[in-house]
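I would like the entire structure built from these sequences, with the hints used as guidance.
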Amino acid sequence: MLENYVNELKKVKTDIKELLNGLESANTLIYEALYECDKDKFTKAKSYIKNISSKTDAIDNSIIKLLALYAPEATDLREVVSYLKMTNEILRACTNTRSFIRGLLEVCDYIDKNAINEYAMPLQNSTLKAIKIVNSMLDTDCVDDLQDCFNEVLIEENKTDDLYELLEKAILDESNDNFEKVHTILRAFRKSEKIADRAISMANLLVYIKVGGTMQRV
Amino acid sequence: MAQNVMDIKKFSFTYAGAPAPSLKNINMPIEKNKITALIGPSGCGKSTLLRAMNRIHDLYPGNQYDGRIDLLNEETGEMENILEIKKENEFIRLRQKVGMIFQKPTPFPMSIFDNVAYGLKIDGIKNATELKDRVETALKGSALWNEVKDRLKESAMGLSGGQQQRLCIARAVAVKPEVILFDEPTSALDPISTGAIEELLVELKKDVSIAIVTHNMQQASRISDFTAFMYLGDLIEFDKTETIFLNPSEKQTEDYITGRFG
Amino acid sequence: MRLVINKIVLLLCIFSAMIGLAFLGWILLTLFLKGLSSMHFDLFINDLINGGLRNLIVGQLVLAGLASLVGVPLGLVAGIYIREYGLGRYADTIRNLSDIMVSAPSIVIGAFVYAIVVVPSGGTSGFAGSIALAIMMIPIVINTTDSMLSLVPKELREAGMALGASKYKVIIDIVIKAAKVGIMTGILLAFARIVGETAPLLFTSETSNYFNLDLTKSFPSLTVSIYDLANEPLQKSRDLAWAASFILTVMVLIINLTGRFLTRKKG
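Protein chains in written order, with the working numbering: chain A, 815 to 1032; chain B, 133 to 394; chain C, 427 to 693.
Since the hints were made in silico from the structure, they are not lab data.
Since we're looking at a predicted model, the values are computed, not measured.
Note that beta-carbon positions come from the ideal geometry of N, C-alpha and C, so glycine has one too.
Certain hints may be false.
With a straight-line Cα cutoff of 16 Å, these simulated EDC-like cross-link-like pairs (lysine to aspartate or glutamate) come out [unchecked claim]:
id: 1; chain 1: B; residue 1: Lys156; chain 2: B; residue 2: Asp366
id: 2; chain 1: A; residue 1: Lys858; chain 2: A; residue 2: Glu846
id: 3; chain 1: B; residue 1: Lys253; chain 2: C; residue 2: Asp599
id: 4; chain 1: A; residue 1: Lys879; chain 2: B; residue 2: Asp371
id: 5; chain 1: C; residue 1: Lys593; chain 2: B; residue 2: Glu220
id: 6; chain 1: A; residue 1: Lys879; chain 2: B; residue 2: Asp357
id: 7; chain 1: A; residue 1: Lys899; chain 2: A; residue 2: Asp874
id: 8; chain 1: C; residue 1: Lys595; chain 2: B; residue 2: Asp246
id: 9; chain 1: C; residue 1: Lys595; chain 2: B; residue 2: Glu220
id: 10; chain 1: A; residue 1: Lys831; chain 2: A; residue 2: Glu903
id: 11; chain 1: C; residue 1: Lys593; chain 2: B; residue 2: Glu222
id: 12; chain 1: C; residue 1: Lys603; chain 2: B; residue 2: Asp246
id: 13; chain 1: A; residue 1: Lys983; chain 2: A; residue 2: Glu932
id: 14; chain 1: A; residue 1: Lys973; chain 2: A; residue 2: Glu932
id: 15; chain 1: B; residue 1: Lys383; chain 2: B; residue 2: Glu369
id: 16; chain 1: B; residue 1: Lys141; chain 2: B; residue 2: Asp202
id: 17; chain 1: B; residue 1: Lys383; chain 2: B; residue 2: Asp366
id: 18; chain 1: B; residue 1: Lys258; chain 2: B; residue 2: Asp246
id: 19; chain 1: C; residue 1: Lys595; chain 2: B; residue 2: Asp255
id: 20; chain 1: B; residue 1: Lys236; chain 2: C; residue 2: Glu581
id: 21; chain 1: B; residue 1: Lys142; chain 2: B; residue 2: Glu369
id: 22; chain 1: C; residue 1: Lys593; chain 2: B; residue 2: Asp190
id: 23; chain 1: C; residue 1: Lys580; chain 2: B; residue 2: Asp190
id: 24; chain 1: B; residue 1: Lys338; chain 2: B; residue 2: Asp357
id: 25; chain 1: B; residue 1: Lys337; chain 2: A; residue 2: Glu817
id: 26; chain 1: A; residue 1: Lys927; chain 2: A; residue 2: Glu846
id: 27; chain 1: B; residue 1: Lys308; chain 2: B; residue 2: Glu262
id: 28; chain 1: B; residue 1: Lys236; chain 2: C; residue 2: Glu584
id: 29; chain 1: B; residue 1: Lys253; chain 2: B; residue 2: Glu268
id: 30; chain 1: A; residue 1: Lys879; chain 2: B; residue 2: Glu374
id: 31; chain 1: A; residue 1: Lys824; chain 2: A; residue 2: Asp955
id: 32; chain 1: B; residue 1: Lys338; chain 2: A; residue 2: Glu817
id: 33; chain 1: A; residue 1: Lys827; chain 2: A; residue 2: Asp871
Across the chosen pairs, the derived CB separations fall in these ranges [what the hints assert, rightly or not]:
id: 34; chain 1: C; residue 1: Pro579; chain 2: B; residue 2: Lys253; range: 20 to 28 Å
id: 35; chain 1: B; residue 1: Gly209; chain 2: C; residue 2: Ser592; range: 22 to 30 Å
id: 36; chain 1: A; residue 1: Thr828; chain 2: B; residue 2: Glu163; range: 24 to 32 Å
id: 37; chain 1: B; residue 1: Gly149; chain 2: C; residue 2: Met427; range: 46 to 54 Å
Rendered as structure tokens:
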């Protein structure tokens, strides 16, 4: 194997890992800050997902260069193409995270503590777990383990769907507040659910790398 | 600081008795410690250009040169035009500085040791220990040492194709040239041997500058730093390899690379 | 229909080959039977004067050997010249001349040497015979050397020069070594050819009944003596001629087979 090729391949994976780490750290901080509505923590979370689009652009260009120069095949090809699609998912997840943070900064104080405890935090927890599992999948090689991880992410993603619905109901029932605030709160938490959606897409791509076959949407 | 080890300037070449030049006004640098690939369809002149760079054409009389090909003189730091060389001993020195590997592996009919030592003996090295050391270094440098260290006295003709080619590379490397020219070095070899030699070339460029002619575009894209695309004796495009293969400027280049030629 | 024609042509070819082989076999068989019956150990001890063949066998080998001493180096060097140094038309001319000389009638060569050596020197001699044989040998060696060298791929020469070797070094160290076996076989076969020649020796060294190593006089020759003996009326002479023919054939056969053995495809 040519040294350049091996190094380039490794670098792309490392860069993707770095982005996932940032995503995970940001969402971890959000979770931790939710109960207290710790605005500082929210702001700190944002710092983990800065300049994502320029980073994903750089990764995309590396992958294109890799494809042009080294014509990878089989697992290498699947890996590289999956990463190319993953940068998109990561970018959107980060954008969602940022919007989530923005929304929370605005309206966190107004949310009912009960609702936060019962629905909001489990929701974010599931999202966070989904991201964590995806991050671990990047380093997993065993096909069976990957399949298990995928199933776990799917479970968490389903949970977020359910939890969001419950949260929505709780907040709508509860509040006689102004509509705009309610709307902002719900829109913010919707982002968390969307992040989980992105996570399952990523998990799907990571399984495809090792399992092969044809590429399919979840 | 990128430095050129060779510089081809307005170079044209006509074969003896040919009605028209085979190479027209070529301008191209060969950068030090980099791999420069020459690609193009059959008959485009890439081998002709390569063979002009160590003046091996001069074995066959009557060829005509125009323009200049400069080679860096490592001692003085000056560029000297190799097209002006006339004397036999200057030719010899040129070819000790610019080595060549051919498409068909060309082991000499002698032992493996003698093959690698051949160039050294021409250079006047007689001391047995020095010869032994330099042969060993050269064989290690071309990833062949482990396979032949116990049979250095055996005939080189007993080696496999890939091993023979690596032997030729060791032979060329032993004299510590500035540049080594490779004329389709892997076209006669199987994929595994090809892979081994490609890895070797990428290693070699740390010590020696490399120019390689290949009809395998993927080989050029895999290992070279710069690529020159030639067609019918003209240099159509010369640029960094990633530019040529990702964003070529000329349509002809693009057509060739994407396989739309002809 | 095509298949039938195929078969017919195949059968014709086999038939023709059989005829050729049949004659060859017949010759060898005749030689074997006629020659073997006249063979006895004394042939190798006595000279012709005493009914043996010793002086003739030795003489023939000496003549051929001496011719080789001159013919081989000249032919080799000439062959190397036209292949390695020859410039186009000049080399081609030599090559063509050599081709013509190979098929020159051996009797003509003999007559030529008679005119330029035997007449001026006042008599037949072993030297004249050797010269005639050498003249026959040179073109053969030129041809085989030329062919064998042409089989060496040009890349091998280029590789040698690309390392900085001078032309003569490339020729000696690399090219000749690569063609070594072929060239040696060529020389061997040329020797086999001239050791069996008769016409060049007829007027130049004739033959002798005695054991003689003096090259300034008529020199014993197996081939010329076969001719003489076969023409004599005595049955004993004719039998001796058969034995001599048998021995000559075996000699040439051995040399030829050695040549084949040397150029066999190695494993």
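Here is what the structure says about each hint:
At roughly 6 Å between alpha-carbon atoms, Lys156(B) and Asp366(B) fall within 16 Å of each other, so this suggested pair holds. Only pairs whose Cα atoms come within 16 Å are accepted, and Lys858(A) paired with Glu846(A) is accepted, the gap being roughly 12 Å. With a CA separation close to 12 Å, the supplied pair Lys253(B) and Asp599(C) stays within the 16 Å bound. For the hint linking Lys879(A) to Asp371(B), the alpha-carbon distance of about 15 Å falls within 16 Å, and the restraint holds.
Only pairs whose Cα atoms come within 16 Å are accepted, and Lys593(C) paired with Glu220(B) is accepted, the gap being roughly 10 Å. Using a Cα cut-off of 16 Å, the hinted pair Lys879(A) and Asp357(B) holds, with the two alpha carbons roughly 13 Å apart. For the hint linking Lys899(A) to Asp874(A), the alpha-carbon distance of about 9 Å falls within 16 Å, and the restraint holds. Among the hinted pairs, Lys595(C) with Asp246(B) is consistent with the structure: their alpha-carbon atoms are about 14 Å apart, no more than 16 Å.
The hinted pair formed by Lys595(C) and Glu220(B) meets the criterion: a straight-line CA distance of about 13 Å does not exceed 16 Å. This hinted pair checks out: Lys831(A) and Glu903(A) have alpha carbons roughly 13 Å apart, not beyond 16 Å. Proposed proximity of Lys593(C) and Glu222(B) is supported: the alpha carbons are some 14 Å apart, at most 16 Å. Between Lys603(C) and Asp246(B) the alpha-carbon distance is near 13 Å, which keeps this suggested pair within the 16 Å criterion.
With a C-alpha separation of about 12 Å, the suggested pair Lys983(A) and Glu932(A) falls inside the 16 Å cut-off, and the hint holds. At most 16 Å may separate the alpha-carbon atoms for a hinted pair to count; Lys973(A) and Glu932(A) meet this at roughly 13 Å. For a cut-off of 16 Å, the pair hint linking Lys383(B) to Glu369(B) stands: about 10 Å separates their Cα positions. Proposed proximity of Lys141(B) and Asp202(B) is supported: the alpha carbons are some 8 Å apart, at most 16 Å.
The hinted pair formed by Lys383(B) and Asp366(B) meets the criterion: a straight-line CA distance of about 14 Å does not exceed 16 Å. Annotation: proposed proximity of Lys258(B) to Asp246(B) holds, straight-line Cα distance about 12 Å (limit 16 Å). Between Lys595(C) and Asp255(B), the direct Cα distance comes to roughly 13 Å. Compliance with the 16 Å bound is thereby established for this hinted pair. A C-alpha spacing of about 8 Å is found between Lys236(B) and Glu581(C), which places the hinted pair at or below 16 Å, so the restraint holds.
Distance check on the hinted pair: Lys142(B) and Glu369(B) sit about 15 Å apart at the alpha-carbon level, within 16 Å; holds. Our distance criterion of 16 Å between C-alpha atoms is met by Lys593(C) and Asp190(B), whose separation comes to about 12 Å. A threshold of 16 Å between alpha carbons decides the hint, and for Lys580(C) with Asp190(B) the separation of about 14 Å falls inside it, so the pair holds. Of the supplied pair hints, the one linking Lys338(B) and Asp357(B) holds, its CA atoms being roughly 13 Å apart against a limit of 16 Å.
This hinted pair checks out: Lys337(B) and Glu817(A) have alpha carbons roughly 13 Å apart, not beyond 16 Å. Taken as a hint, the Lys927(A) and Glu846(A) pair is honoured in the structure, with Cα atoms around 14 Å apart against an allowance of 16 Å. Between Lys308(B) and Glu262(B) the CA atoms are separated by roughly 14 Å; this keeps the pair inside 16 Å, and the hint holds. A threshold of 16 Å between alpha carbons decides the hint, and for Lys236(B) with Glu584(C) the separation of about 11 Å falls inside it, so the pair holds.
The straight-line distance between the Cα atoms of Lys253(B) and Glu268(B) is roughly 15 Å, inside the 16 Å bound, and the hint therefore holds. A C-alpha spacing of about 7 Å is found between Lys879(A) and Glu374(B), which places the hinted pair at or below 16 Å, so the restraint holds. Among the hinted pairs, Lys824(A) with Asp955(A) is consistent with the structure: their alpha-carbon atoms are about 15 Å apart, no more than 16 Å. For the hint linking Lys338(B) to Glu817(A), the alpha-carbon distance of about 13 Å falls within 16 Å, and the restraint holds.
Taken as a hint, the Lys827(A) and Asp871(A) pair is honoured in the structure, with Cα atoms around 14 Å apart against an allowance of 16 Å. A beta carbon spacing of about 23 Å between Pro579(C) and Lys253(B) agrees with the range 20 to 28 Å that was offered as a hint. Taking 22 to 30 Å as the suggested C-beta distance range, the pair Gly209(B) and Ser592(C) conforms, at roughly 29 Å. For the pair Thr828(A) and Glu163(B), the supplied restraint of 24 to 32 Å holds, since their beta-carbon distance comes to about 29 Å.
Our hint of 46 to 54 Å for Gly149(B) and Met427(C) holds, since their Cβ atoms are close to 50 Å apart.
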